[in-house]
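So the chains spell out like this:
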Amino acid sequence: MSAPLLQVRDLSVAFGPVRAVDGLSYDLHAGETLAIVGESGSGKSVSSMALLGLLPPRSARIEGGTAVFDGQDLLRLSDRDLRRVRGNRIAMIFQEPMTSLTPVLRIGQQLTEALVEHRGLSQAAARDKALEMLRLVDLSDPPRRMRQFPHELSGGMRQRVMIAMAMALEPDILIADEPTTALDVTVQAEILGLMRDMQARFGTAILLITHDMGVVAEMADRVVVMHRGRKVEEGPVRAIFGSPRADYTAALLAAVPRLGARSAEDGPRPIIDQPALPGAVVLHAEGMSKVFAGRGGIFGQSGGTVAMHDVGFSVRAGETLALVGESGSGKSTSGRAVLRLLEVDEGRIELEGDDMRALSTRSLRKARRSMQMVFQDPFAALNPRISIGRLIAEPMLIHGIARGSELEDRVAALLRRVGLEPVHMKRFAHEFSGGQRQRICIARALSVGPKLIVADEPTSALDVSVQAQVLELMLELQQSMGLAYLFISHDMAVVEEMAHRVAVMRQGRIVEMGPRRAVLGAPRHPYTAALLAAVPKPDPTAQRPKLPRLDLKDLPMGPLAQTAPDHWVAQ
Amino acid sequence: MSAPAEPVAAAPVAPRRAIWALLRSPSGAVGLAIVLLLVVVALLAPVIAPYDPYRMASGPRLAPPSWDHWMGTDQLGRDVFSRIVHGARLTLMIGTIAVGISLTAGLLLGLVAGYAGGWPERILMRLVDVVFSFTEIVIALACLAILGVGLINAMIAIGIASIPFYARITHSVVLVEKNKPYFEAAVAAGASHLRLIFLHLLPNVIPTLIVVGTLGVSTAVLAAAGLSFLGLGAQPPQPEWGFMLSSSRDLISGAPWMMIFPGLAIAITVLGFNLLGDGVREVLDPRQRAR
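For the record, the sequence lines run as chains W and Y.
Just so we're aligned, residue 4 is where the first sequence starts under the numbering used here, counting upward by one.
Just so we're aligned, residue 44 is where the second sequence starts under the numbering used here, counting upward by one.
There may be inaccurate statements among the hints.
Some, not all, of what chain Y presents toward chain W, calculated at C-beta under 10 Å [what the hints assert, rightly or not]: (1) K223; (2) Y225; (3) A231; (4) I249.
Source of the hints: derived by calculation from the structure; they are not laboratory data.
All C-beta atoms, glycine included, are put in the ideal place defined by N, C-alpha and C.
This is chain W alone, in the form it adopts within the complex (with noise of 0.2 Å):
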């Protein structure tokens, strides 16, 4: 193997007394995709921002070690050498491709900029390169896109401007920081597909960092394990999968849902022994309607948002329906719809039989009392000024179940029953992780003895390994508790592991719903194959099946029809 390209050896990065990367070394080779892998609080960010000077100067110090890159130690760099570096030999994309365009400038003159700066072109071969650029990473009518600003384009749109603007100056290194994770799923797959092309084409190494398992088996060669910011291991990728060294990367590994794997299963895994069935229905809606009315102008309401179009569905006790969707399906407007959170156009929602539409406030208030939610960032939904016991105590007050004495009991039991410590009771939510957090939230909602919970994405902000733990406590609690769970999510592997039947939604429609099994096993919509399709399989030596180009102007999104017992699919 030639020499490498870069080759970082004992990088430690302190902030304050916090070592957040501490003796890192690896060594990046030309053409090939080093994957810095790794949960939060890893350091692997925090290592590839310290290459290219983008720490926040006061708070972080580089405590020590050396990143040579083309005979020149990028730690040591003055602030002017490392411009020359940066953008120019080693490019950056980032997570968010929003916040990382500048809002008020055209794209045409962000792309541009760059090349006049590094390469010194004139505007008019600027602005040939750049066309070019956008043609390469396939976006459509490239001379519109030039004039068009930021927020006109979508997400992925976005990322594909990002990867144009960073590929334009042909860089040695292409430094990409959870480049898909905002992304959908099945526009994921496609930047993912692009960056590939780019770098077959330029030869260029990827840096690529990442929590997603599925996206380091689809894109590495070469895998760097980080845990508390210290390497744990490295290796080609297919060893690190198949037979990893690490304990910690054995755990990373298990803890990852794989889709397919309870494929010959009708329902979710058993906890306890006898788990409660699926028994009578909870939930009933159908022909649930909301359009999001535009903004008034001066002429009038200009036209609205359709977000939800004619979604019915029901959910028994002790069973699991999944709301599965890309951003913008619908699915948590049909979740919060369902707990009168939003009120809808049309529609009929009936909880063990009593409409609740019908509800006045003050009934609706009582009625609160057997559905409760579960949401997708536990701090947020953690009031931070009230201690967690009065906030978990707080549902029981209000419906009068409980006080004094008997209420601090009953918080106790339910911290217990989460897996935490009642003397956690005094403490504020900012002073706990994310996954007890989550416990808490779990705790809250639990606290009134609801028999409906609506989870939207309820482990989406989590580390895969608390992610586990908390999927695990849910069922349990379903199992032995008999609740019925609308869990709304986007991720299909973890679907797969906690839905008993799944509703696929586009556009504010459901397109399929069924059996878990029968969905995600043999979809009969073309947007579920596509969906199921373009999820990125924690395993190296599978190969991602060609992506199904997607008309989707043409997909069918009308009324649903029986195709099997209990399975509609739209037609």
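With the hints as your guide, set chain Y onto chain W.
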């Protein structure tokens, strides 16, 4: 006055640690020292002041600063230093009462408007906008025209005039907090209107308002001094700083000490509250501290 448009603080800070953090930030420490000094002077005014602030001919008339009269005497022979010391009481009273009025009313208005949404919000906030479009001093003058001249009325007038400011800030914070999941979680738990407003929204609005209120004291002090200067606030013989300034303006060349010292007192007080406000913001807002 600089207005923090974004709500302050995500996590509650323990009181003892907050005070330590305040003392560690330079502006906070200096501001706190000035404000504390002002409070001590106000409380101990009779002890500190060498003369009765109202007694005429405590010394010769219009005497320049000397060992007997540190800041000289005025045209009636009253000791300027003693008057300034006693004036601190009036100043603090103006600050607390005026800010108290505008803070309470603005807080309630903003909370109700932001929480209710819909047409109550539109009506309340448009009203606030209408009042906001006039300069505060004009509104204060209008209030004084109705209430009549006097220091207490001036405080009330200043308080009323700055209600829109506090209402707007509260409203903007409520709009942000109302869209956070924890608020939705409380709604989903079945919480009543009062519980949602006072248990969930209010505590998250207060830190921002502490900062704004502290900064607001200096504005109120300045406005009161202005009104007194115009003869609409403090009346003779009250030792109010603004009024002292105005009564000295004919003598500016002959007895500059009569103008310099009340002016300095106002400036230092305003500076103190501004620094303290900045310091408190740094403590309460972790994002600012990280910068």
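Hint numbers the structure violates, sorted upward? none
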